[in-house]
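Colleague: Sequence:
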Amino acid sequence: MTTRKIGLLIGAEEEDWPSALEAMFRRLDPVTTLNGAPFHVNVERVRVHPFDLRAGTSYDLVVDRLGHWQLNPREWLKKAAMFNGVYLLNNPFTF
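Heads up: the sequence shown begins at 1 in my numbering, then just goes up one per residue.
To be clear, the hints were calculated from the coordinates, so they are not data collected in a lab. The reader is advised that the hints may include incorrect statements.
Stated by the list, open to error - Label-pair distances were calculated between CB atoms; the ranges are:
# : residue 1 : residue 2 : range
1 : Arg-47    : Trp-17    : 13 to 21 Å
2 : Asn-35    : Leu-89    : 18 to 26 Å
3 : Ala-23    : Arg-54    : 32 to 40 Å
4 : His-68    : Asn-35    : 29 to 37 Å
5 : Arg-45    : Asn-91    : 18 to 26 Å
6 : Asp-52    : Asn-91    : 32 to 40 Å
Yeah, the Cβ is synthetic: ideal placement off N, Cα and C, and Gly gets one too.
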């Protein structure tokens, strides 16, 4: 079974929509199917610490709600997209 990981990069003030998104994926049981193949979706909040450019990441998709305010998460997002092939919702290259 394939597992996909979605990361939520959010600020401390945002609580409603991330909690709702996490609850929605938990309710999916968390196994769903796509084209007849089952897969599992994990949703968790991203914690960005000082990072090594050579280090990989386990996320397949990151929903960014913080990069436009904070420099360190923005640069981590750029690194994750360019070097690790992570898909991003919100483009840190345009901020």
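Colleague: Indicate, hint by hint, whether the structure satisfies it.
Modeller: Okay, the hints, checked on the actual structure:
1. Arg-47 x Trp-17: 13 to 21 Å: Given about 18 Å between the Cβ atoms, the range holds.
2. Asn-35 x Leu-89: 18 to 26 Å: 22 Å, holds
3. Ala-23 x Arg-54: 32 to 40 Å: Taking Cβ atoms as reference, Ala-23 and Arg-54 lie about 35 Å apart, which means the hint holds.
4. His-68 x Asn-35: 29 to 37 Å: With a Cβ separation near 35 Å, His-68 and Asn-35 satisfy 29 to 37 Å, so the hint holds.
5. Arg-45 x Asn-91: 18 to 26 Å: 20 Å, holds
6. Asp-52 x Asn-91: 32 to 40 Å: 24 Å, violated
Against the hints set out earlier in the document, a violation occurs for number 6 only.
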